[in-house]
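*Asks:* If you read the protein sequences in the order shown, they are chains L and B. So the first sequence is numbered by my numbering: it starts at 111 and just counts up by one. So the second sequence is numbered by my numbering: it starts at 17 and just counts up by one.
Derived from the structure by calculation, the hints contain no laboratory data. From the three backbone atoms N, C-alpha and C, an ideal C-beta is built for every residue, glycine too. Please note that the accuracy of each hint is not assured.
Unchecked claim - Quick look at which bits of chain L chain B covers, simulated, 3 or more residues with Cβ under 8 Å: (1) 353 to 367; (2) 374 to 382; (3) 385 to 391; (4) 401 to 410; (5) 418 to 426.
Unchecked claim - Label-pair restraints from in silico Cβ distances: (6) B:ILE169 <-> L:GLY375: 20 to 30 Å; (7) L:LEU409 <-> B:GLY100: 29 to 39 Å; (8) L:GLU437 <-> B:ARG82: 11 to 21 Å; (9) B:GLN141 <-> L:GLU359: 55 to 65 Å; (10) L:ALA378 <-> B:TRP122: 11 to 21 Å; (11) L:PRO363 <-> B:ARG195: 18 to 28 Å; (12) B:LEU135 <-> L:ALA378: 29 to 39 Å.
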Amino acid sequence: MRKLIVVLALCVISSLALVAQGTPPPDSTSDSTAQLLQQAHALYERLDLERAVPLLERVLSPGWSFGMTKAQRVDAYTYLAASLALVGSTDSAARYFRAALERDPFTDLDPRRFTPGQLAVFRTARGQTFAVGARQVSALRFDPRTEQLSFTVVTTHGATLRVEVRSVDATPGQVLFQGESDGLREIAWNGLMADGRLAPPGRYEVRVDGRSRLLSRSDSTRVYFDVRHELPALEDTLHELLLSELRPERYPPSAATGDLVKGLGIAAGAFVISGALADGDLGSRSSALPATVAATAALSGVVAFVWRRHHAEAPENVLANARRRQERRLTNDAIQRRNNARIAQTILVIAPASGVGP
Amino acid sequence: MRPAFAHASGLLVLLALAAGAPTAAGQWTVQGTGVLSVMRHRVDAGYGVEPSSGVLAGPEVAATLRDRLTVRLWTRSGSFHADGPGAIDRDVAEAGLQVDVAALRWLTVQAGTTRRTYLTVLARQPWTTVALGAEAHLPFTETGVTGIVRGAILPGVSVNGLGHPDLAIALASGMEYRRGRASAAVLYSLERYRFAPSATATVERREQLAGLVVSVGWSLKR
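Please model the complete structure; the sequences and the hints are all you need to start from.
*Replies:* See below:
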């Protein structure tokens with residue numbers, strides 16, 4: 111009795127632990143579909159078609175309440191069609207093959223595993239069905255200078271095909287293929303858009319449009335992927351020169367007055383030195399020599415004042431500003447060149463996406 | 017070595033270091049200048065004022081590194097003629113070395129030493145001075161026109177037979193004009209000394225050298 115209690119307690123504890131860890135319970139629905147398909151495959155391989163067909167029909171019936179992926183449904187249709195082809199029900203087989211192709215145009219039969227009769231029915235079904243498909247883009251990174259990205263598209267039979275890659279922001283796309291195609295086709299993309307520039311980062315779509323050559327039918331599909339750029343860090347260009355960073359190209363009215371004051375100040379300085387600062391005990395002061403300097407300075411001040419009043423422009427500042435602008439332009443050109451060299455090394459990082467939006 | 021020269025040498029080294037020490041890669045500008053001075057000399061050694069005047073002339077060479085450090089060498093000579101009854105004619109010869117360091121865009125700190133000799137029929141009197149001062153530049157809006165005000169104290173003055181002066185100053189004010197490589201300057205310059213009575217000189221001595229200094233220069237890029 112004690113042992114039983116211990117075992118029960120352990121069971122309860124382990125159950126609680128599982129719940130606490132949030133371990134999801136096994137997906138019984140998908141398991142059921144997978145198990146049934148597995149049984150059907152085994153029966154088909156043993157040519158026990160009388161039991162395999164009902165199983166597959168059960169899976170595909172509207173009453174099948176368990177979850178089923180698109181691949182499982184296509185698989186069920188394919189094996190059901192193959193089974194019916196073996197028992198001679200070619201029309202039904204073709205119908206189910208068509209159902210598989212409509213859901214997945216990439217559906218194909220391996221000639222090593224299926225009989226010529228089954229393959230013949232499948233070809234008939236392909237001729238009666240028109241669908242185009244594009245395989246989801248795989249995550250990868252490639253150097254557009256030396257590598258290309260490959261898209262795989264398919265038509266169930268001969269068709270006029272147009273494959274275009276474009277940004278979902280509705281910018282003009284780049285047509286990668288336009289012409290006749292039948293079956294699988296690999297289409298390469300070098301990462302450039304119609305304008306010859308590298309595809310900017312963002313979300314893109316590969317749009318496939320096809321028009322059957324056998325039937326009056328058209329079909330289209332699209333797959334989405336994200337493009338990201340991987341490149342060395344770029345340098346910032348120098349900002350526009352602000353007014354405060356440039357020299358004034360015209361002198362303010364006070365500049366002329368300033369020149370006059372400087373000239374008169376220098377003149378006064380000469381007189382102060384020869385007068386107040388000289389030794390008065392050493393005889394009479396000569397005023398001719400300081401007056402010469404004072405006159406020169408005062409004249410310079412007056413001439414500068416009059417000249418500046420009539421010529422407020424500052425040509426040396428205009429030149430200095432022009433030089434500065436030129437230096438900035440040359441620096442920015444050099445930065446732009448270096449950045450362009452880095453951009454040329456851009457690696458495109460591709461990631462699959464599920465739709466137009468994130 | 018006399019103390020005055022020792023002080024001057026030390027000061028020059030300090031100023032050169034403060035300027036960032038010229039390097040071989042630095043860009044030097046060399047300027048040659050001809051200087052003409054019309055000077056008035058006054059001295060009162062206790063026997064009344066002895067006035068004389070004359071013209072001094074000579075060359076100056078200045079080497080400037082990156083607009084920050086200037087080293088200038090000059091020499092000038094001439095004769096002063098007696099202008100009064102107590103005065104006698106004298107010949108004057110002078111050589112000097114000065115270092116200018118740009119402390120601010122408009123202010124230059126200067127230090128230098130001068131060796132000057134007065135030669136009369138009676139005696140030969142050498143002067144050695146060490147000056148420490150500053151020069152303010154007042155640029156006009158017109159490029160190349162600059163007002164100049166200069167002042168210095170002369171903490172080291174060594175004169176044969178005289179003690180240390182209790183007043184020794186040098187002042188100048190004037191204009192400088194530059195156009196391309198050419199330059200010209202007009203300054204009024206004053207040197208003033210006062211020697212208090214001492215063991216070797218029993219009376220106060222006053223001396224002053226003032227005048228108009230005109231210079232014309234030409235700079236060479238190296």
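*Asks:* Would you mind marking each hint as holding or not holding in the structure?
*Replies:* Structure-based check of all given hints:
1. Given as covered by chain B, the region 353 to 367 of chain L passes the check, having 3 residues with a CB less than 8 Å from a CB of that chain where 3 are the minimum.
2. Check on the region 374 to 382 of chain L: 5 of its residues sit with their Cβ under 8 Å from a Cβ of chain B, so the three-residue criterion for coverage holds.
3. By the rule of at least three residues with a Cβ nearer than 8 Å to a Cβ of chain B, the coverage given for the region 385 to 391 of chain L holds, with 4 such residues.
4. Look at the region 401 to 410 of chain L against chain B: 6 of its residues bring a Cβ nearer than 8 Å to a Cβ of that chain, three or more, so the hint holds.
5. With 3 residues having a beta carbon nearer than 8 Å to a beta carbon of chain B, the region 418 to 426 of chain L meets the requirement of three or more and the stated coverage holds.
6. The beta-carbon spacing between B:ILE169 and L:GLY375, approximately 22 Å, falls within the hinted interval of 20 to 30 Å.
7. For L:LEU409 and B:GLY100, the hinted distance range of 29 to 39 Å is satisfied, since their beta carbons lie about 33 Å from each other.
8. Checking the proposed 11 to 21 Å range against L:GLU437 and B:ARG82 shows it holds: the Cβ atoms sit about 19 Å from each other.
9. Remark: the range hint 55 to 65 Å for B:GLN141 to L:GLU359 is upheld by a beta-carbon distance near 57 Å.
10. A hinted range of 11 to 21 Å holds for the C-beta pair L:ALA378 and B:TRP122, which are about 18 Å apart.
11. Look at L:PRO363 against B:ARG195: about 26 Å separates their beta carbons, and that is inside 18 to 28 Å.
12. Between B:LEU135 and L:ALA378 the CB atoms are about 37 Å apart, so this pair conforms to the stated range of 29 to 39 Å.
The earlier numbered hints are all upheld by this structure, with none contradicted.
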